[in-house]
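Counted from 1, the sequence shown has number 77 at position 77 by our numbering; the numbering is strictly sequential.
Certain hints may be false.
To be verified - Cut-off 16 Å, straight-line C-alpha distance, at most; resulting in silico cross-link-like pairs (EDC-like, lysine to aspartate or glutamate): (1) Lys42 x Asp117; (2) Lys111 x Asp67; (3) Lys172 x Asp137; (4) Lys113 x Asp45; (5) Lys42 x Glu94; (6) Lys172 x Asp45; (7) Lys140 x Asp67.
Unchecked claim - Label-pair restraints from in silico Cβ distances: (8) Asn52 x Thr138: 19 to 27 Å; (9) Ala76 x Asp45: 40 to 48 Å; (10) Thr56 x Tyr149: 30 to 38 Å; (11) Ala135 x Pro95: 41 to 49 Å; (12) Ala169 x Thr56: 39 to 47 Å; (13) Thr56 x Thr138: 19 to 27 Å; (14) Asn130 x Ser154: 32 to 40 Å.
Source of the hints: derived by calculation from the structure; they are not laboratory data. Note that CB positions come from ideal geometry on N, CA and C, so glycine has one too.
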Amino acid sequence: MIAGAAIVVVAAATFAAVALAQSSKTNTGNSSPTATTATAGKIIDGVGCNFNEIFTYHQHAHLVILDHGTSRAIPAFIGFNYTHDCLYWVHTHEPSGGVLHMEAPRAIVPKLKTFFDVWGRPITSRQIGNVSVGAGDTVKVWVNQKPYYGNPASILLKPHTNIWIEVGAPFKQPKPFSWAGL
Numbered sequence: 001m002i003a004g005a006a007i008v009v010v011a012a013a014t015f016a017a018v019a020l021a022q023s024s025k026t027n028t029g030n031s032s033p034t035a036t037t038a039t040a041g042k043i044i045d046g047v048g049c050n051f052n053e054i055f056t057y058h059q060h061a062h063l064v065i066l067d068h069g070t071s072r073a074i075p076a077f078i079g080f081n082y083t084h085d086c087l088y089w090v091h092t093h094e095p096s097g098g099v100l101h102m103e104a105p106r107a108i109v110p111k112l113k114t115f116f117d118v119w120g121r122p123i124t125s126r127q128i129g130n131v132s133v134g135a136g137d138t139v140k141v142w143v144n145q146k147p148y149y150g151n152p153a154s155i156l157l158k159p160h161t162n163i164w165i166e167v168g169a170p171f172k173q174p175k176p177f178s179w180a181g182l
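Please model the complete structure; the sequences and the hints are all you need to start from.
As structure tokens, then:
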């Protein structure tokens with residue numbers, strides 16, 4: 001009889017420990033995770049990585065990278081940290097179509113550099129993501145179809161920002177992006 005009671009106590013304690021561990025991985029919307037309380041992947045440029053998508057703030061930007069006139073796809077699942085079972089506040093889904101998602105516990109306006117840091121790719125005068133800038137190549141940048149002459153890494157990812165980065169000729173006229181459905 002005592003052995004049976006001991007088994008019940010051990011089983012109850014095990015169940016409670018598992019339930020507690022699982023609840024720590026779930027954001028029910030009652031908490032307000034921040035970059036200082038993100039418990040999963042490391043914080044990148046102030047952007048946290050949480051166990052679930054957070055829709056308190058949900059906006060989009062769009063990124064096009066052209067390599068000598070050829071569009072280079074922005075990969076899906078950038079910002080999905082499978083090692084730590086978390087999702088960065090700046091990420092892409094599948095298919096990405098170049099849409100950058102900003103989903104955070106509060107309004108954020110990260111720089112384009114932050115997205116590239118989450119992606120793990122450089123944005124420098126010699127490299128834009130997976131595109132190398134060759135000797136003599138010109139890099140042209142447009143933000144919302146207007147020429148941008150600053151450092152592209154400093155572009156703010158405000159809601160509905162359409163960013164075109166072209167490395168080398170031939171240069172194309174940037175097109176507006178349709179935000180329908182986003």
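In ascending order, which of the hints set out earlier in this document are inconsistent with the structure? 2, 5, 6, 8, 9, 11, 13, 14
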